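Visitor: Taken in order, these protein sequences are the chains called A and B.
Sequential numbering from 1 applies to the first sequence in the numbering used here.
Sequential numbering from 321 applies to the second sequence in the numbering used here.
Worth flagging that the hints you see were computed from the coordinates, not collected in a lab.
If you're wondering where the values come from, they're calculated on a predicted model, not measured in any experiment.
By construction, the Cβ of each residue, glycine as well, lies at the ideal position given by its N, Cα and C atoms.
It is possible that part of the hints are untrue.
[Claimed, not checked] Derived SDA-like pairs (lysine to any residue); straight-line CA-CA distance at most 20 Å:
#1 A:K179 - A:V108
#2 A:K94 - A:V168
#3 B:K394 - A:K219
#4 A:K179 - A:V195
#5 B:K394 - A:L236
#6 B:K394 - B:E584
[What the hints assert, rightly or not] Here are a few chain A residues that sit away from chain B, every Cβ distance over 10 Å (derived from the structure):
#7 C103
#8 L104
#9 S209
#10 L221
#11 G248
#12 G253
#13 Q259
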Amino acid sequence: MFEFLVRRAFISAVTLLLISLIVFAGVRMIPGDPARVLAGTDADAAGLEEIREKYGLNAPLPLQYVRWLGLAVRGDLGESIRTRQSVAGTVATKLPITVELACLSLLVAIGIAIPAGVIAAVRRNTPWDVLASSLSLCGVSVPNFWLGIMLILLVSVRLGWLPASGFVPLTEDPVANLKRMLMPALVLGTGLAAVLMRQTRNAMIEVLSADYVRTARAKGLAQAAVVVRHALRNGLIPVVTILGLQMGALMSGAVVTEQIFVLPGFGRLIVESVFTRDYPLVQGVVLITASSYVLINLVVDVSYTVLNPRIRIRGTADAG
Amino acid sequence: MPDSTATPAYSLSIAAEASAPRSGLLARAWRVGRRRPAALVGALVVLLFVVMAVGAPWLAPSDPVRTDWSKIRKAPSWAHPFGTDDLGRDGLSRVIWGARISMQAGVFSILLAMLIGVPVGLCAGYYRGALDQLVMRLTDAWLAFPFLILAIGLVTILGPSLTNATLAIGLGATPTYIRLTRGLVLSVSQEDYVRGARALGAGDLRVMARHILPNIVSAILVQATVAVPTAIIAEAVLSFLGLGVQPPAPSWGTMLNAAQQFLEQAPWMAYWPGLAIFLLALSFNLAGDGLRDVLDPRDY
Numbered sequence: 001m002f003e004f005l006v007r008r009a010f011i012s013a014v015t016l017l018l019i020s021l022i023v024f025a026g027v028r029m030i031p032g033d034p035a036r037v038l039a040g041t042d043a044d045a046a047g048l049e050e051i052r053e054k055y056g057l058n059a060p061l062p063l064q065y066v067r068w069l070g071l072a073v074r075g076d077l078g079e080s081i082r083t084r085q086s087v088a089g090t091v092a093t094k095l096p097i098t099v100e101l102a103c104l105s106l107l108v109a110i111g112i113a114i115p116a117g118v119i120a121a122v123r124r125n126t127p128w129d130v131l132a133s134s135l136s137l138c139g140v141s142v143p144n145f146w147l148g149i150m151l152i153l154l155v156s157v158r159l160g161w162l163p164a165s166g167f168v169p170l171t172e173d174p175v176a177n178l179k180r181m182l183m184p185a186l187v188l189g190t191g192l193a194a195v196l197m198r199q200t201r202n203a204m205i206e207v208l209s210a211d212y213v214r215t216a217r218a219k220g221l222a223q224a225a226v227v228v229r230h231a232l233r234n235g236l237i238p239v240v241t242i243l244g245l246q247m248g249a250l251m252s253g254a255v256v257t258e259q260i261f262v263l264p265g266f267g268r269l270i271v272e273s274v275f276t277r278d279y280p281l282v283q284g285v286v287l288i289t290a291s292s293y294v295l296i297n298l299v300v301d302v303s304y305t306v307l308n309p310r311i312r313i314r315g316t317a318d319a320g
Numbered sequence: 321m322p323d324s325t326a327t328p329a330y331s332l333s334i335a336a337e338a339s340a341p342r343s344g345l346l347a348r349a350w351r352v353g354r355r356r357p358a359a360l361v362g363a364l365v366v367l368l369f370v371v372m373a374v375g376a377p378w379l380a381p382s383d384p385v386r387t388d389w390s391k392i393r394k395a396p397s398w399a400h401p402f403g404t405d406d407l408g409r410d411g412l413s414r415v416i417w418g419a420r421i422s423m424q425a426g427v428f429s430i431l432l433a434m435l436i437g438v439p440v441g442l443c444a445g446y447y448r449g450a451l452d453q454l455v456m457r458l459t460d461a462w463l464a465f466p467f468l469i470l471a472i473g474l475v476t477i478l479g480p481s482l483t484n485a486t487l488a489i490g491l492g493a494t495p496t497y498i499r500l501t502r503g504l505v506l507s508v509s510q511e512d513y514v515r516g517a518r519a520l521g522a523g524d525l526r527v528m529a530r531h532i533l534p535n536i537v538s539a540i541l542v543q544a545t546v547a548v549p550t551a552i553i554a555e556a557v558l559s560f561l562g563l564g565v566q567p568p569a570p571s572w573g574t575m576l577n578a579a580q581q582f583l584e585q586a587p588w589m590a591y592w593p594g595l596a597i598f599l600l601a602l603s604f605n606l607a608g609d610g611l612r613d614v615l616d617p618r619d620y
């Protein structure tokens, strides 16, 4: 297992390095003087010189990359052209909102998908299965931002139940915060729920036909005990992997959802910074999102290697 | 489904069934269509959207970009079944023209992804070794960029337009094709008929083009039918955010962007473009499920 973990960590490190190369190359592809790109159009000669000095823009490209990477690893992602605040600091203030949104959406997605997937698998080929599968198909096909707009139209404009936009920090007023986060979480969660439900259904169908489930049934266990204790626990393993891989979709979805519900999170930040040509901010946000995707998936992989005895033992056997 | 027909070489299974390849595929399509009417309906609706996209200039009742100040935000009526927008443009005409943009973005981006992804995956899976390792690590890194973040990054560099949005969506989908193709090549390369061809002295290119590619093409096509609706939604998202098609061009995404500002006064502006995206994506997914059964009965 140790060998597997080292190998997995090594691959992640290489991936992170490649990500940084892609982002670095991307910024250099922006037409114009890189100092001008990073300092903004209204920077004066002194400002340009400062940027040139900081990133060593007169040195050869490989050296520039090493220097930039060194600064980035230490958390120095430059400063926003628009606000002149550090990129890392700006991201840190916006991140909690997006993380809260993501966590609530995950709750919504898991709360819908796992029960629906299990029911569809247990009652396979019944109307329940058809209903769950059809809903899942609709969930995959519906554009989330349209769903969000329709929800605002119904819940806020017509019924007046929930506010359509605005944000109240969780620490200030938890109830008002949740009222404003409910619709965004629902919108972001349904797309994920659709994907997860399909996976849960497939995984459960496979597990339910396994020998140990038949044994559990044969020894007279109740259906609920068989499904929950024997099948679900094993069936969920592939679902957890899919959940890790869906983090990217969740981050993309957060960008759109925050835009519709006017939540001042990470996603709104990146869209705004594109329109204001705030290149250092775009660069920082892209780098941070991609890196966190790699790290989240590393954690997912490692945690279930540790938790799952089958992989643990096989890993040790391979190593021996 | 039992494994009795589980031979991947179509030439063999067709020979065994003693029927011509064309009629075999068509007959299977007919059987699948009868068993799964939803797939058939999906395919028909997709076809309808294709007709709409191609025939937009003749089908649309009026000019999709002509503004009319006397008809601003008029509710649906006989003259304008989908109502008019904030600049007095006909909603129906804009939805019809929007099909063209959506189809363009959806199909061309996935074509681009296949054009890059399939050859690269083919080489990586066929030659393996260091090349394979390099390609796999690069796709790992590429896949780590959430699609929209990648698209935003690319549009920042290239500037917002339909072409650049299509390019960004295509590049975002490319690693999926590299991985899929590579995986398929790895399994097919072990088959006897590929080894046989190699033993008979066939060159690398010939083995790849004549023996491997025909056997994996159906799986790649099935993936494409799943990817096109995703790409269509992606274009709508980018245009909605203002990063794709620029106004006044009639894209469903830009229409929804405008609609969002008038939800109270003119909710109909938001109904139709969104419904169009939903219907097209749903139909593609339904048709794709059917196509999977037609092309790859083993997978069913």
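Visitor: A separate judgement is required for each hint: does it hold in the structure or not?
Guide: Hint check results:
| no. | hint | verdict |
| --- | --- | --- |
| 1 | A:K179 - A:V108 | holds (15 Å) |
| 2 | A:K94 - A:V168 | holds (13 Å) |
| 3 | B:K394 - A:K219 | violated (69 Å) |
| 4 | A:K179 - A:V195 | violated (26 Å) |
| 5 | B:K394 - A:L236 | violated (51 Å) |
| 6 | B:K394 - B:E584 | holds (13 Å) |
| 7 | C103 | holds (17 Å) |
| 8 | L104 | holds (18 Å) |
| 9 | S209 | holds (14 Å) |
| 10 | L221 | holds (30 Å) |
| 11 | G248 | violated (4 Å) |
| 12 | G253 | violated (8 Å) |
| 13 | Q259 | violated (6 Å) |
Violated hints, listed in ascending order, are 3, 4, 5, 11, 12 and 13; each of the other numbered hints is respected by the structure.
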